[in-house]
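Engineer: Chain by chain, the residues run as shown.
2 protein chains.
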Amino acid sequence: MLVKEKLSNWLLKEKENALAFLQKTVQEASTTGNESGVQKIVAQKLEEIGLEVDLWYPDGEELAGHPNFCASRTDFSQSPNVVGIWRGSGKGRSLVLNGHVDVVPEGDLKQWDDHPFSGKIIDGKLYGRGSTDMKGGNLSLLLAIQALKATGTTLKGDLFFHSVIEEESGGAGTLAAILRGYKADAAIIPEPTNMKIFPAQQGSMWFKLTIKGKAAHGGTRYEGVSAIEKAAVVLEAIKELESKRNNRITDPLYKDIPIPVPINIGKMGGGNWPSSVPDLVYLEGRIGVAPHETLEEVKKELEQYVMRIQDPWLNEHPVSVEWFGAQWLPGSIDPEHPLMNILIRNYEHVRREKPVIEASPWGTDGGLLSQVGDTPSIVFGPGVTAVAHYPNEYIEIEKILEAAEIIALTIYDWCGGSSE
Amino acid sequence: MLVKEKLSNWLLKEKENALAFLQKTVQEASTTGNESGVQKIVAQKLEEIGLEVDLWYPDGEELAGHPNFCASRTDFSQSPNVVGIWRGSGKGRSLVLNGHVDVVPEGDLKQWDDHPFSGKIIDGKLYGRGSTDMKGGNLSLLLAIQALKATGTTLKGDLFFHSVIEEESGGAGTLAAILRGYKADAAIIPEPTNMKIFPAQQGSMWFKLTIKGKAAHGGTRYEGVSAIEKAAVVLEAIKELESKRNNRITDPLYKDIPIPVPINIGKMGGGNWPSSVPDLVYLEGRIGVAPHETLEEVKKELEQYVMRIQDPWLNEHPVSVEWFGAQWLPGSIDPEHPLMNILIRNYEHVRREKPVIEASPWGTDGGLLSQVGDTPSIVFGPGVTAVAHYPNEYIEIEKILEAAEIIALTIYDWCGGSSE
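In order, the protein sequence lines correspond to chains A and B.
Per the working numbering, the first sequence starts with residue 1023, numbered consecutively.
Per the working numbering, the second sequence starts with residue 1023, numbered consecutively.
These aren't lab readings, by the way, just hints derived from the structure by calculation.
Hints should not be assumed to be uniformly reliable.
As the list makes no split between identical chains, a pair holds if one copy fits it or if it spans any two.
Unchecked claim - Keeping only pairs whose Cα atoms sit at most 27 Å apart, straight-line, the calculated BS3-like set for lysine-lysine is:
1) LYS1277 - LYS1218
2) LYS1261 - LYS1234
3) LYS1236 - LYS1277
4) LYS1266 - LYS1236
5) LYS1028 - LYS1132
6) LYS1321 - LYS1376
7) LYS1132 - LYS1236
8) LYS1230 - LYS1171
Throw the hints in and build the complete structure from the sequences for me.
Structural biologist: Written out as structure tokens, the structure reads:
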């Protein structure tokens, strides 16, 4: 029997157990600070599969000294990281499989048709916060490893399975895994891509613009300067900057993406009384960072652009720019990288169609892996992009199994597998 | 001795007592709900002067049934209104003198150089919240009445001195006085006009516009519709509407006013996450109402204008318009009204210059007096417009005395005074 058939048959038989496992991990509502339960389940699973397991509590104080540390906490004493290690026999290419277990909050309960952490299965879909982003993807990784083990595979290269915390809050979990030495020749991250293959991932940063005006009574508003009117001028400039930045992008990975690296203004507020001219407005936004850019370059470009807005009032009262909250490094791998070729070939084997190959519109821990861990990363996973972070999040069960099969074959080819 | 000289001499002698009285009334920090202390002082003063005094607690439940009632409370059990009545001998023209005793809150204490209710006198200015808006103006009224009484004047027409609550919160005090029957052939309201004469006063209303968008991840912002971008379209339309409305105004009273009836957007907010396309934005503003307009006409014009914005998204997702909070009726008197002529003549007598005659950029209780009380109103007072509602509010003492003299002579002429 061919390896492909053996893996495929094994996965088919394992399906029910696998879904029960996914339900269990979804039911562990692993929002920030509550990852311990799910991580212990994952660690136990890795032991059962036969991997060496490293479960540790990242040292926040130590991490905080790293220039790419970005988190709203430094206490990870209840939030373990887990890495499963499958040592190769030697002289093979190593691989990181990376998935995060933290999930975003469930949000407004009224918008959920069922309990947000139900794990309920209806019509081939498994529902719950974290099902798509990204416990379903993590299950594909585990199944791939388990299938290889169960079918008696040995590998030449090392395989590291990262089960990390903190992806949704800045990547401190993956940073900790990298700093602990769990790097490799390349990585696969099964974030919810709708089975698209993303050799490049957009980074991003948050900024806050503060715009001053001059207060006056609304009845004599001509005696003041409206910070809301000036904010409209700034919004216009931000759109120009967005065009300018995107016109520079010629990478064919972006050819079907209307705005490769958008600048989104997500929040705005200002003024405090209907009858007063508002003297302060803030805008909060996210700027996308292209894979070839550094965060510093992009910061500088936005700061300078905002500084040069042609407006006499703003020239005398410059817009202030702050960089706050989360930052995601862009990530990438050469589209001609051998791991890309292997992944595409196996994708075509399993799905009998060509994959969509694009750049992702959001950052992942692949930025840290690529730039800090020197581990070029591909993002490819079974989850449904549109329901990540939304009510009634779900994942299609068939896609989990397809991804597992594709990834199992890819590990086999990349790490130099051989079968009994 | 001429009446003018007698009044002038009496006022000069009374100055010290008058200032002590003003200090006392300013020190009674009569913010909303705390008007009782100052009203009792005023009532006592009116009795001393020899007027009939009506002090009563407006019935909020009863007032609330009136279409022009506008207040955030209906309990006035701690907030008396006071009217002082000087009955004329008959067949003369009657006059209302109207001033409010409520003051706006002191705001940020750090911005005050002294205690906000100090009443301190420095370099001819008396400081404190309410000094300019409008206890100084009220003092001018009291001094005018007192001077006439002290110099043995009798009047043909009735004189009503309204010392009202709630002007800063929608005019329920003046409404209560009108409904109790204290109306007249005309009125003078000494709001802080910098000694300008306002035969017309701008009314105003508050509105809230709610603009919908469509949420999406900021990295694929082209999949959403930004409510902030749509708000910019609405802001543009509001400016057009403002131009259109103001281009219609030909009244020479507005000739030196850059925007006779402005539309001010005073507050704005929306969105809740830098990385999400905002799906809801609200704008809160104030629209000025010209003296010849009704509130209903203006509401309809704004609602229709906003409805007709040429934007496919907004056509399918119409901006919602709410009218909330305070409303001030516009007020006016014919610029050729005999009371205007008398006031102008006495102004020129006392100040030896021509008065500035304009339309006010804000509403006063003159709107209710004109439109509900059928009492055409002139706004003219000694206070400093620019410091009303601001830290370090003050009034120039000389102006109080000048206004008192002008008003005393005007009462004399209008109500048919005769001297012993």
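Engineer: Can you tell me if LYS1277 and LYS1218 fall within 27 Å by alpha carbon in one copy, between copies, both or neither?
Structural biologist: within (15 Å within a copy, 66 Å between copies)
Engineer: Please work out whether the CA atoms of LYS1236 and LYS1277 approach to 27 Å or closer within one copy, between two copies, in both situations, or in neither?
Structural biologist: Between. Shortest inter-copy distance 24 Å satisfies the 27 Å Cα cut-off; intra-copy 45 Å does not.
Engineer: Evaluate LYS1132 and LYS1236 at a C-alpha cut-off of 27 Å and name the case that applies: within, between, both or neither.
Structural biologist: Only across copies: LYS1132 and LYS1236 sit 19 Å apart there, 42 Å inside one copy, limit 27 Å.
Engineer: For LYS1230 vs LYS1171, is the C-alpha pair at or below 27 Å within one copy, between two copies, both, or neither?
Structural biologist: neither (50 Å within a copy, 64 Å between copies)
Engineer: Can you tell me if LYS1028 and LYS1132 fall within 27 Å by alpha carbon in one copy, between copies, both or neither?
Structural biologist: Close neither inside one copy (45 Å) nor across copies (77 Å); limit 27 Å.
Engineer: Reference check for the pair LYS1261 and LYS1234, CA-CA at most 27 Å: within, between, both, or neither?
Structural biologist: Answer is both: 20 Å inside a copy and 20 Å across each meet the 27 Å cutoff.
Engineer: Check LYS1321 against LYS1376 for me: Cα-Cα at most 27 Å, and say if that holds within a copy, between copies, both or neither.
Structural biologist: neither (37 Å within a copy, 59 Å between copies)
Engineer: Taking 27 Å as the upper bound on the Cα-Cα distance, should LYS1266 and LYS1236 be classified as within, between, both, or neither?
Structural biologist: This pair counts as between: shortest inter-copy Cα distance 25 Å, intra-copy 31 Å.
Comparing the model with each numbered hint stated earlier shows that hints 5, 6 and 8 do not hold.
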